[in-house]
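Quick note, the sequences are listed as chains A and B, same order. Numbering (my numbering) for the first sequence: 1 to 413. Numbering (my numbering) for the second sequence: 1 to 357.
If you're looking for bench data, these hints aren't it; they were derived computationally from the structure. Some clues are possibly wrong.
[What the hints assert, rightly or not] In silico DMTMM-like pairs for lysine to aspartate or glutamate, Cα to Cα no more than 25 Å straight-line: (1) A:K288 x B:D238; (2) A:K113 x A:E99; (3) A:K57 x A:E128; (4) B:K32 x A:E257; (5) B:K57 x B:D34; (6) B:K32 x B:E47; (7) A:K288 x B:D236; (8) B:K57 x B:D185; (9) B:K256 x B:D278; (10) A:K264 x A:E295; (11) B:K273 x A:E295; (12) B:K256 x B:D238; (13) B:K32 x A:D361; (14) B:K127 x B:D68; (15) B:K256 x A:E257; (16) A:K405 x A:E99; (17) B:K57 x B:D68; (18) A:K57 x A:E74; (19) B:K32 x A:E253; (20) B:K57 x B:E134; (21) A:K288 x B:E237.
[To be verified] Under 10 Å between C-beta atoms, here's a sample of chain A residues computed to sit facing chain B: (22) H33; (23) I36; (24) T40; (25) E42; (26) N70; (27) K121; (28) Q148; (29) D155; (30) N173; (31) T176; (32) A214; (33) H283; (34) F286.
[Said to hold, decoys possible] Each pair of labels, with its calculated beta carbon distance range: (35) A:F30 x B:D68: 34 to 40 Å; (36) A:K288 x B:D240: 22 to 28 Å; (37) B:P37 x A:A10: 35 to 41 Å; (38) A:Y3 x B:D238: 45 to 51 Å; (39) B:P37 x A:M67: 20 to 26 Å; (40) A:K288 x B:R30: 53 to 59 Å.
Virtual Cβ for every residue (Gly too), placed ideally from N, Cα, C.
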Amino acid sequence: MIYCLFAIVALISIYTGRHYGFTLNRLFGFQRHPYIDIDTAEWPQVTVLVAAHNEEKVITNILAALMAVNYPPERMLVVPVNDRSTDRTREIIDKFSAEHPGRIHAFHRQGGKGGKAAALKDAMELVETEVILIFDADYIPGRGLIKQLVAPFFDPEVGGVMGRVVPLNVGTNLLTRLLDLERSGGYQVDQQARMNLRLVPQHGGTVAGVRLSALREIGGWNDNSLTEDTDLTFRLLLAGWKTVYQNRSECYEEVPETWSVRIKQIMRWAKGHNQALVAYAFHLLFGKHRATLRERIDGVLLLGVYAMAPLTLIGWFLTLALFYEGVAPLHGVIALLAFTAYAATGNFAAFFEIAAAARLDYTRQRICLLPFLVLGFGVSIFSVSRAVVSQLMAPLTGAQFHWDKTERFRAAP
Amino acid sequence: MNPSLAALALFALAGALFMVPLLPAIVELRLKRDAQPLNVIQQHAGEIRHFANGFRKIAVELQGPLHDCVATGTTALGKLPNGDEYLVLGHPGDDSWMRGGKMLSICRAVVVAGTDVALPDGMTFVKEIYAAGELTGGKGNSYRAVLGEKDVLLRRASKVTRWAHATGAFRAEHDCDLYGRASSDREIDLNAGCIFQRLNAPRISFGDLAGAAEEAVSASSDAAAAPLPVGRTLYDEDLDIPAGAVIPGNVVTRGKLRIGAGARVLGSAKSDKAMTVDAGARVDGSLISASRMHIGRNCRVGGPVVAEHGIIIDSGTRCGGPRTSTTVSAPTIVIEEGAQVFGTLWARDEGRVVPRA
Chain A
1 MIYCLFAIVA LISIYTGRHY GFTLNRLFGF QRHPYIDIDT AEWPQVTVLV AAHNEEKVIT
61 NILAALMAVN YPPERMLVVP VNDRSTDRTR EIIDKFSAEH PGRIHAFHRQ GGKGGKAAAL
121 KDAMELVETE VILIFDADYI PGRGLIKQLV APFFDPEVGG VMGRVVPLNV GTNLLTRLLD
181 LERSGGYQVD QQARMNLRLV PQHGGTVAGV RLSALREIGG WNDNSLTEDT DLTFRLLLAG
241 WKTVYQNRSE CYEEVPETWS VRIKQIMRWA KGHNQALVAY AFHLLFGKHR ATLRERIDGV
301 LLLGVYAMAP LTLIGWFLTL ALFYEGVAPL HGVIALLAFT AYAATGNFAA FFEIAAAARL
361 DYTRQRICLL PFLVLGFGVS IFSVSRAVVS QLMAPLTGAQ FHWDKTERFR AAP
Chain B
1 MNPSLAALAL FALAGALFMV PLLPAIVELR LKRDAQPLNV IQQHAGEIRH FANGFRKIAV
61 ELQGPLHDCV ATGTTALGKL PNGDEYLVLG HPGDDSWMRG GKMLSICRAV VVAGTDVALP
121 DGMTFVKEIY AAGELTGGKG NSYRAVLGEK DVLLRRASKV TRWAHATGAF RAEHDCDLYG
181 RASSDREIDL NAGCIFQRLN APRISFGDLA GAAEEAVSAS SDAAAAPLPV GRTLYDEDLD
241 IPAGAVIPGN VVTRGKLRIG AGARVLGSAK SDKAMTVDAG ARVDGSLISA SRMHIGRNCR
301 VGGPVVAEHG IIIDSGTRCG GPRTSTTVSA PTIVIEEGAQ VFGTLWARDE GRVVPRA
């Protein structure tokens with residue numbers, strides 16, 4: 001048992017060190033924003049896919065925002081991917097299509113496999129452009145965002161692009177405020193540091209883009225994945241394509257306003273991420289492909305973030321068990337576990353990352369909420385662990401592929 | 001002391017101590033002093049003319065006094081709603097800059113000229129200047145911001161600290177410092193010794209174009225701004241494209257890249273390390289380097305040119321074309337007289353025009 005504990009503490013310490021490294025890089029390192037200054041160019045044709053499943057509350061906002069962007073209208077086609085909606089989503093999309101002839105081509109999906117990846121896969125029949133941008137329906141792109149997300153594709157090495165997600169409904173309640181802080185840490189520090197250090201910025205599947213030829217080369221969308229974005233990140237990486245992060249390409253999103261929705265969301269992320277861990281980690285680390293050594297190491301650590309939650313719980317359990325077994329002295333290990341656990345568990349960004357992000361965002365008072373992150377941490381660690389257990393049990397219980405859509409809270413227009 | 005009371009007191013004290021670090025959090029949660037979404041730029045989208053357009057609105061509000069002054073050939077003073085003083089010039093002769101029989105060295109008012117205006121030498125303009133006609137600066141002048149509805153000429157060793165925009169041509173003589181943004185709806189011409197950061201115009205030229213001129217102005221010789229080419233050839237080491245070779249698609253190398261003299265890349269080229277483009281080479285797509293880049297003489301690049309650490313562009317080279325605008329971007333850019341860029345030239349730290357070697 002004690003060697004298991006040592007191994008867990010060692011792993012958690014690696015993640016802690018990684019988070020410290022990222023934070024210091026953001027505060028003091030060289031910052032890479034190579035494509036953000038491309039504001040004049042012969043902009044290529046682009047298709048903007050808007051994934052929408054029962055999105056009557058939010059679809060109007062994103063379509064209106066896309067019609068107002070400064071991208072040449074004759075070079076941009078918006079394809080709302082209406083995935084088997086049973087509410088007014090179809091009606092709203094059709095109304096917009098009629099009002100903007102030639103600029104919106106609706107894709108109404110009546111049946112087929114559930115999940116965003118399956119819907120996007122089907123919608124590819126309408127895509128003829130080399131650059132594809134993807135948005136979830138609750139996002140509100142700014143006027144210059146499309147150009148910013150297209151610009152990196154002038155680099156022939158870039159296969160995927162990811163922008164920064166900024167919560168819009170911040171002030172609703174404690175949960176939204178905590179998610180705002182988490183997003184800050186995750187994007188402003190974590191993603192940008194990985195961009196700076198030429199590691200593996202993660203494709204987020206929204207406020208994002210992908211190169212059609214790269215997507216075809218890696219076999220298209222994987223509709224068996226619960227997180228098609230993570231899956232895409234690693235398949236691009238293995239094929240030698242870069243995913244780049246654009247910290248200044250910011251886009252508003254709606255974050256969950258209830259804990260139950262948040263728990264469902266994070267459980268889906270955990271399951272999808274762990275699918276990718278099983279599918280790609282070994283090959284990424286030891287296989288023959290085009291990723292660099294630093295990308296291999298960071299990629300595996302990135303794949304492992306959601307495995308750290310159950311490992312942390314097991315570590316806590318082991319310390320208790322060993323204590324009552326009379327194994328001593330363990331105080332050093334226990335102290336290390338206590339110190340590092342909160343700072344190491346992947347998606348629930350470490351508190352010092354969030355503090356650094358708040359500073360980089362020039363925000364002031366919201367940093368006062370840091371102590372409440374313990375609450376989010378507690379919910380996340382148990383939710384993720386529950387997701388992992390259900391995944392491990394799936395072969396025994398016969399659980400099928402199931403995709404939970406994140407509920408929206410905006411008032412319908 | 002009653003043991004129960006003592007236990008209660010201890011419990012209360014421990015609870016209070018636990019709550020202390022939570023107090024600021026609770027206060028913030030209740031008062032929501034910082035509960036707004038991050039201020040994401042949604043509207044002006046970094047448009048280079050944003051400040052010029054904003055200032056033009058102020059100038060338009062002064063059209064009444066401006067017309068009066070132009071009609072009567074007089075000057076007028078007043079105050080804007082924000083409290084700034086303004087000076088309207090209807091007939092801008094040297095007397096406009098005299099106070100108490102002495103020539104001003106500092107003008108603290110917003111200047112709005114209704115006609116062509118020629119400014120005296122050695123002056124500092126603390127506020128913006130608007131000219132409805134042509135604006136000719138004085139030698140060694142310092143400006144906060146300049147907006148000209150026709151041509152703008154900055155004389156030698158002038159300095160602009162915020163932005164400048166000309167609806168007509170914008171020219172800067174030798175040794176001018178253009179911090180911030182400079183733009184023109186027609187063309188920009190900077191001479192050797194000028195420093196710049198962000199430039200935008202349909203055509204940006206540097207000094208004397210003699211020698212590079214004939215071909216440079218020909219639209220038919222544009223490197224094609226083609227649709228994004230598909231796929232790429234990936235090399236894990238340094239790559240040397242031989243002189244005169246033709247590469248049919250995109251090229252990516254994880255090492256250094258040299259494009260030989262007279263070679264042509266029909267797609268784009270990217271290197272993770274230094275990139276060198278020899279004289280007379282031509283790249284139809286973009287040039288991207290994660291390090292430094294040196295583009296030799298008389299090269300042609302169709303798409304964006306980006307280097308993460310710095311770019312040197314030699315004379316006779318042209319990026320973009322009259323019908324295919326593009327962006328050249330790096331923290332530092334050194335560009336020789338005789339080069340041309342069609343679109344945007346953006347040096348985050350500093351751009352510098354140097355004489356032809």
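Agreement of hint A:K121 with chain B interface, Cβ distance less than 10 Å: violated (20 Å)
Range hint 34 to 40 Å (beta carbons of A:F30 and B:D68) holds or violated: violated (56 Å)
Range agreement (Cβ of A:M67 with Cβ of B:P37, hint 20 to 26 Å): Once the Cβ atoms are compared, 22 Å apart, the range 20 to 26 Å for A:M67 and B:P37 holds.
Satisfaction of the hinted span 45 to 51 Å by the C-beta atoms belonging to A:Y3 and B:D238: holds (46 Å)
Distance restraint between B:K32 and B:E47, which requires alpha-carbon spacing of 25 Å or less: Not OK: B:K32 and B:E47 at ~33 Å, beyond 25 Å, violated.
Pairwise hint evaluation, A:E257 against B:K32, where the allowed Cα distance is 25 Å at most: Holds, at about 16 Å.
Consistency of beta-carbon spacing, A:A10 to B:P37, with hint 35 to 41 Å: holds (40 Å)
25 Å Cα cutoff - pair A:K113, A:E99: Status violated; Cα separation ~31 Å.
Hint check: 10 Å Cβ-Cβ cutoff, A:N173 to chain B: Nearest chain B Cβ about 9 Å off; hint holds.
25 Å Cα cutoff - pair B:K256, B:D238: holds (5 Å)
Proposed proximity, B:D238 with A:K288 (alpha carbon, max 25 Å): holds (20 Å)
Evaluation of the interface hint that places A:N70 against chain B, nearest CB under 10 Å: holds (6 Å)
In the structure shown, a violation is registered for the earlier hints numbered 2, 3, 5, 6, 10, 15, 16, 18, 27, 33, 34 and 35, in ascending order.
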